[in-house]
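Student: Single-letter residue listing:
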Amino acid sequence: MSEVKKIATRESYGNALAECGKEYPNLVVLDADLAAATKTSIFKKAFPDRHIDCGIAECNMTVIGAGLSTLGKIPFVSTFAMFAAGRAFEQVRNSIGYPHLNVKIGATHAGITVGEDGASHQCNEDLALMRTIPGMVVMCPADDIEARAAVRAAIEYVGPVYIRFGRSAVPVINDNPDYKFEIGKGVLLREGTDVTIIANGICVSEALVAADKLAAEGISAEVINIHTIKPLDNDLVVASAKKTGKVVTVEEHSVIGGLGSAVCDILAEKAPTLVKKLGMQDVFGESGPANELVAKYGLDAAGIYRDVKSFL
Amino acid sequence: MNNLELQKKANEVRKGIITATHSAKSGHPGGSLSATDIYTFLYFEEMNIDPKNPKMETRDRFVLSKGHTAPGLYSTLANRGYFPVEDLKTLRKLGSYLQGHPDMKHIPGVDMSSGSLGQGISAAVGMALGAKMDGAANRVYTLLGDGELQEGQVWEASMFAGHRKLDNLVVVVDNNNLQIDGCVSDVCSPYPIDKKFEAFNFHVINVNAHDFDALRAAFKEARETKGMPTAIIAHSVKGKGVSFMENKAEWHGTAPNDEQFAVAMAELEKAGEELCQK
Numbered sequence: 001m002s003e004v005k006k007i008a009t010r011e012s013y014g015n016a017l018a019e020c021g022k023e024y025p026n027l028v029v030l031d032a033d034l035a036a037a038t039k040t041s042i043f044k045k046a047f048p049d050r051h052i053d054c055g056i057a058e059c060n061m062t063v064i065g066a067g068l069s070t071l072g073k074i075p076f077v078s079t080f081a082m083f084a085a086g087r088a089f090e091q092v093r094n095s096i097g098y099p100h101l102n103v104k105i106g107a108t109h110a111g112i113t114v115g116e117d118g119a120s121h122q123c124n125e126d127l128a129l130m131r132t133i134p135g136m137v138v139m140c141p142a143d144d145i146e147a148r149a150a151v152r153a154a155i156e157y158v159g160p161v162y163i164r165f166g167r168s169a170v171p172v173i174n175d176n177p178d179y180k181f182e183i184g185k186g187v188l189l190r191e192g193t194d195v196t197i198i199a200n201g202i203c204v205s206e207a208l209v210a211a212d213k214l215a216a217e218g219i220s221a222e223v224i225n226i227h228t229i230k231p232l233d234n235d236l237v238v239a240s241a242k243k244t245g246k247v248v249t250v251e252e253h254s255v256i257g258g259l260g261s262a263v264c265d266i267l268a269e270k271a272p273t274l275v276k277k278l279g280m281q282d283v284f285g286e287s288g289p290a291n292e293l294v295a296k297y298g299l300d301a302a303g304i305y306r307d308v309k310s311f312l
Numbered sequence: 001m002n003n004l005e006l007q008k009k010a011n012e013v014r015k016g017i018i019t020a021t022h023s024a025k026s027g028h029p030g031g032s033l034s035a036t037d038i039y040t041f042l043y044f045e046e047m048n049i050d051p052k053n054p055k056m057e058t059r060d061r062f063v064l065s066k067g068h069t070a071p072g073l074y075s076t077l078a079n080r081g082y083f084p085v086e087d088l089k090t091l092r093k094l095g096s097y098l099q100g101h102p103d104m105k106h107i108p109g110v111d112m113s114s115g116s117l118g119q120g121i122s123a124a125v126g127m128a129l130g131a132k133m134d135g136a137a138n139r140v141y142t143l144l145g146d147g148e149l150q151e152g153q154v155w156e157a158s159m160f161a162g163h164r165k166l167d168n169l170v171v172v173v174d175n176n177n178l179q180i181d182g183c184v185s186d187v188c189s190p191y192p193i194d195k196k197f198e199a200f201n202f203h204v205i206n207v208n209a210h211d212f213d214a215l216r217a218a219f220k221e222a223r224e225t226k227g228m229p230t231a232i233i234a235h236s237v238k239g240k241g242v243s244f245m246e247n248k249a250e251w252h253g254t255a256p257n258d259e260q261f262a263v264a265m266a267e268l269e270k271a272g273e274e275l276c277q278k
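As you go down the protein sequences, you meet chains A and B in turn. Numbered according to the working numbering, the first sequence spans residues 1 to 312. Numbered according to the working numbering, the second sequence spans residues 1 to 278.
Just chain B, same shape as in the assembly (with noise of 0.2 angstroms):
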């Protein structure tokens, strides 16, 4: 898929996740937001995968190791065709197969249940492992939150994964600098994040996390590198896309109200019209 094809994809995940947290009345838009082009490559570009045969034994995975953004996760499994995008209304909705955070026994498509934070990128190691295990050529990603790189257990996997030498590994920081209580940097400064990885024997690759060529480009090289994990650190802006989102430790954990909604919808369907233009 060519970048402009990327883009008015991202741009239709964008929609799904402001719809879903619109209807929902809470969720996380500002995290889903900054990794939504990340969400968008991975699944139309990077990964082999097969949505009409979500359990297919080869197939690559995925384990979103900040499950709160499972609205940037479930709206980019929907435009993938894992199930209807209409369904993203029901979000965090009694009944509904779409819980508030990762549930892989309900959600097609979700390799692992996740959201307590830290958790995630030890079953994506275990995954690596066990594919390694196999001699299977599986490659195995997870997504994580700076703030999230606060919680120890991330060093435990990673010192794991480094030593273990998984190059089928690939752990994605979306940097965006913004946790609940504020900037990153001021809570408990997990910088420099690029060294840490290095140090625990990671191959670290620093990307703009809006930027499909520079993604394209990581992601390549992470393929091609060998004897080590990778990790990239992709610089983001939180709650990307949508103007009033942008840069707002507030847009973490709050759902648009009906006029939020409208506007956001309105700059999204803008952006939409302007990248069939081009």
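Next comes chain A alone, as it looks inside the complex (with noise of 0.2 angstroms):
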């Protein structure tokens, strides 16, 4: 295989934050001590005057967002997934979902490849919680150039949107000339008719690794990337299980409220399907090399490999 770049889309927001600083007066950033690993030091860099370092204090920040957004500045509060809809959650919840005030929420560090630092800060839940949120937009992009690209759509929108973004560089795999992102419509990568592998964040790139070796021997397999899980492509996830009769879903989250209980969720109401749904399976990580732990819990391509065949 030749060399893939990859990059970490915590990284692509920190670079999209500083590309759009110049083109939208009016938006600010702001973080609670992390600047450094949130990236936002890349927008802090540019735009000193707009970026508004809260301390330690992301319940506040949280909030402080929503006051900005009221006299019309566009926001993004940025922290670690963790305490962005984990800490914040309630805040999120009545301060900026309840009064839907056009605050962005950059969550980064999301999910287990956080790695080393281990449970308490692999938040595996957050999709889960801003999807229960009514009026929430919830995204997790794939690579860079879909993390960039959902930053700014998230700028383009009105309204509150929280966006997931991860520690770990991973492929550049939407490098296609005719990619074009729209919030809600998920992304069909790969067709196939023997069953669909549904992903979003980091697994997706697993996900086309997985179709390849399934090919190799005669099983054909549909690839989709669900960048936004609310509200959810149901047209795209919804026919793709019509055809293939059979559906694999792949997050790096918990199997409980993300994308595995999304496209259940409108499968169960519009085209009831088998579906196998692979992620976190109700349990805390543990600290280690991302790329260890991502084998350990079977979201790397070898697991999605074993889980589809053994599901077929």
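I should point out that these hints are in silico values taken from the structure, not numbers from a laboratory. Hints may contain errors.
To be verified - Computed cross-link-like contacts, BS3-like style, restricted to lysine-lysine with a CA-CA straight-line distance of at most 27 angstroms:
#	chain 1	residue 1	chain 2	residue 2
1	B	132	B	55
2	A	6	A	213
3	B	52	B	25
4	B	226	B	196
5	B	165	B	132
6	B	105	A	230
7	A	22	A	180
8	B	93	A	45
9	A	45	B	270
10	A	242	A	230
11	B	278	A	22
12	B	25	B	89
With the hints as a guide, bring both chains together as one complex.
Tutor: What follows is the structure, given as structure tokens:
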């Protein structure tokens, strides 16, 4: 396999903010003493007056974002997913979601690929939490191109948005010149007839590799990238499930409440289909190198290949 | 507006609070009544607002951090002309825009949805910061309960406001010393309140919450204070203006029944008549 370009989506996040800063003078970025890690430091360097470090006080930061938005600012509230969606859940729900304010939450270091920091910092629940809030747009981009597009789309969209970014470098897969990003529109990456693999975030590139391996054995897997978990691309999911009759979801997140659950919700209603949910199986993560953790919890290409085969 | 006129307005606001909570058969009269004179001073004297243009960009902002005393805010807004006083009777009813806690999406004059304690002050801080970033003249006022000071987020917000020298921000604490479970000082004491805000680099003013001369002086002092936010610790009487509700924790979140409603309204009518004879 030729050398694939790899970039962490948190890096894409920082770059996208800096890219958009000039175009959108109302764009402001808030951080909670993690600018070097969330990469909002890139924006800070370009626009120091519009970068607000709130210190280690995520709940306060979240609602300061809400207050700023009422004056016409477009705030990006940035911290680790654990704190953005976890610690400050009620602030997001009551002070951003309920009044439907134009606040964007840029949550980095999501999932087990946080790695060595361990379970306390590996948030596998954020998409589930954010998805329950009425009117929230919830996105989990797969690579650098998609992450930057998601940031731009979030700025252009008026209303609350949650975007999940990762700590570890992931391959660039959306370098197709026809690639177009639209909130709520999934991307059909590979057509197939035997099984549908629906993935998001870091699992998308792994799913594509798994599909190659399955193809070598005569198994035709359709691969769909669902970068927006809410609103979900119901049409794409339902059509594919009807075509293949079997669905496997793959996410770096708990299988409770995330992508797998969202897919099951719509399929149960529109096209009852057998679904296998790959992800964190109701367990906490642990310390270790990101790639080893991904392998241990079966979210790498080998794990996806193995689980799809046993499912069929 | 002179003090007598303010007193008359405040008396009307109190009638609206009693009417609304009686009609709703629930709600929070105690803390609405303790804050009535503060609401009245802010909306009839202090703030740059226009009831005919509730979204006016240059307006001052108010965030009711202690959102449960919405009946006090709604009655003030109604009496100030944002919406009909008659609508106060729809408080908390299905289909009414007057939600149990402030809802900025549907209530004219409400600048921020609130109700979950400790969050409103952060929103106000965000507004004050935004105005500063724009070099705009908007001032931002937020009203907190003294029990609310037990929420840690209040101090996160205060630390930030002091650090950022937000002198366009005024934090008012309605210090009636009562919360649901009893005296604030018995449940989990926030005292000394003034020293705490001082420690977070606020200019602090202690004031009698029911004395319009004192409120006038305090808000003037706040406006003249540069380089730091102001905290006004307003010493108040919970249930103020309705004799049987005064200084009683049980009136925190209980609505008057028909009989209590009649007694309370008779008291307020009498107080209003006395003011008219002054």
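Student: Check the hint pairing residue 93 of chain B with residue 45 of chain A against an upper bound of 27 angstroms on the C-alpha distance.
Tutor: Distance of about 51 angstroms is beyond 27 angstroms: violated.
Student: Take the C-alpha atoms of residue 132 of chain B and residue 55 of chain B, compute the straight-line distance between them, and say whether it is at most 27 angstroms.
Tutor: 19 angstroms, holds
Student: Hinted pair, alpha-carbon criterion (27 angstroms max): residue 105 of chain B, residue 230 of chain A. Please report holds or violated.
Tutor: 22 angstroms, holds
Student: Would the hint linking residue 6 of chain A and residue 213 of chain A be met if the CA-CA limit is 27 angstroms?
Tutor: 21 angstroms, holds
Student: CA of residue 226 of chain B to CA of residue 196 of chain B, is that 27 angstroms or under?
Tutor: 19 angstroms, holds
Student: Please verify whether residue 242 of chain A and residue 230 of chain A have alpha carbons no more than 27 angstroms apart.
Tutor: 21 angstroms, holds
Student: For a C-alpha distance cap of 27 angstroms, please report whether residue 22 of chain A and residue 180 of chain A respect it.
Tutor: 23 angstroms, holds
Student: Would the hint linking residue 25 of chain B and residue 89 of chain B be met if the CA-CA limit is 27 angstroms?
Tutor: 10 angstroms, holds
Student: Need the status of pair residue 165 of chain B, residue 132 of chain B: alpha-carbon distance at most 27 angstroms?
Tutor: With Cα atoms ~10 angstroms apart, residue 165 of chain B and residue 132 of chain B stay inside 27 angstroms; holds.
Student: Are residue 45 of chain A and residue 270 of chain B close enough, with their CA atoms no more than 27 angstroms apart?
Tutor: Answer violated: residue 45 of chain A to residue 270 of chain B is near 65 angstroms, above 27 angstroms.
Student: For a C-alpha distance cap of 27 angstroms, please report whether residue 278 of chain B and residue 22 of chain A respect it.
Tutor: This hinted pair is violated, its Cα atoms lying about 61 angstroms apart.
Student: Does residue 25 of chain B sit within 27 angstroms of residue 52 of chain B, going by the straight-line distance between their CA atoms?
Tutor: Distance of about 31 angstroms is beyond 27 angstroms: violated.
Hint compliance for this structure: hints 3, 8, 9, 11 are not met, and every other hint is.
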